[in-house]
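**Q** Sequence:
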Amino acid sequence: MKKSKKQTVKTIVFMCIFSATLITLYFFIRTRTTPFQIESASSMSEAEKLLAKDIPGNYPPSPREVLKLYSRITKCLFNEKLNSEQIEQLANQLRQLFDEELLQNNPTENYLSDLNVEITEYRNANKNIMNYVIENSDSVKYWDKGNQKYASIVMSFTTKEDNDYLKVYENFLFRQDKEDKWKIMGWELTDKKEINSEE
1 MKKSKKQTVK TIVFMCIFSA TLITLYFFIR TRTTPFQIES ASSMSEAEKL LAKDIPGNYP
61 PSPREVLKLY SRITKCLFNE KLNSEQIEQL ANQLRQLFDE ELLQNNPTEN YLSDLNVEIT
121 EYRNANKNIM NYVIENSDSV KYWDKGNQKY ASIVMSFTTK EDNDYLKVYE NFLFRQDKED
181 KWKIMGWELT DKKEINSEE
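When you line the sequence shown up against my numbering, it's residues 1 to 199, in that order.
A portion of the hints provided could be inaccurate.
Using 30 Å as the maximum straight-line C-alpha spacing, the simulated DSS-like pairs for lysine-lysine come out as follows [what the hints assert, rightly or not]:
no.: 1; residue 1: K167; residue 2: K53
no.: 2; residue 1: K192; residue 2: K141
no.: 3; residue 1: K127; residue 2: K192
no.: 4; residue 1: K75; residue 2: K178
no.: 5; residue 1: K49; residue 2: K81
Don't read these hints as lab results, they were simulated from the structure.
With the hints as extra help, turn the sequences into a complete structure.
**A** Below, the structure written as structure tokens:
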């Protein structure tokens, strides 16, 4: 009888220690994985973050958001030290924001060639894109033509070359595709000199 009581006590003590160990291990793992995940995400370069984006699966919902992503990719292409593979991959990300008509007028091979020339010229001139400002959502102009929806929005790029700063204003034209995604049709310089921005 005494042996079975001792055995029962030993079993209970063992189970308590085992349970406490499991609970401690669970909380240790749970609290340690989140900081590691945050650290690994924050240690990614801007190029890596942009290349990791699933643009078709998580497409920006408005012309303004499309333009924000376009501007981030453009700034990365011209400011970061990238290899030719990264440039090509980022260019492909950028092209996912383009309207079908713009893609047809700029075949991938020609587009990449022109982009590489432009990036090289930028670097040789010691130029940088300092920032970009996009009009606020209320300033986006929407209209219908035939069965299609269009939008336009103005943004500015500020570039620096040596000690000189230049601000350029561009008007971007969008068209909604069959999946209701706003795609960039093109852009042109505008004489607008002021932007109402949300940021």
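**Q** None of the hints should be skipped; say for each whether it holds.
**A** To see whether the hints hold, each was checked on the structure:
1. Between K167 and K53 the CA atoms are separated by roughly 29 Å; this keeps the pair inside 30 Å, and the hint holds.
2. For the hint pairing K192 with K141, the CA-to-CA distance comes to about 15 Å; that is within 30 Å, so the pair holds.
3. Our distance criterion of 30 Å between C-alpha atoms is met by K127 and K192, whose separation comes to about 23 Å.
4. As the CA atoms of K75 and K178 are separated by approximately 29 Å, the hinted pair is consistent with the 30 Å bound.
5. Between the alpha carbons of K49 and K81 the distance comes to roughly 15 Å, so the proposed pair stays at or under 30 Å and holds.
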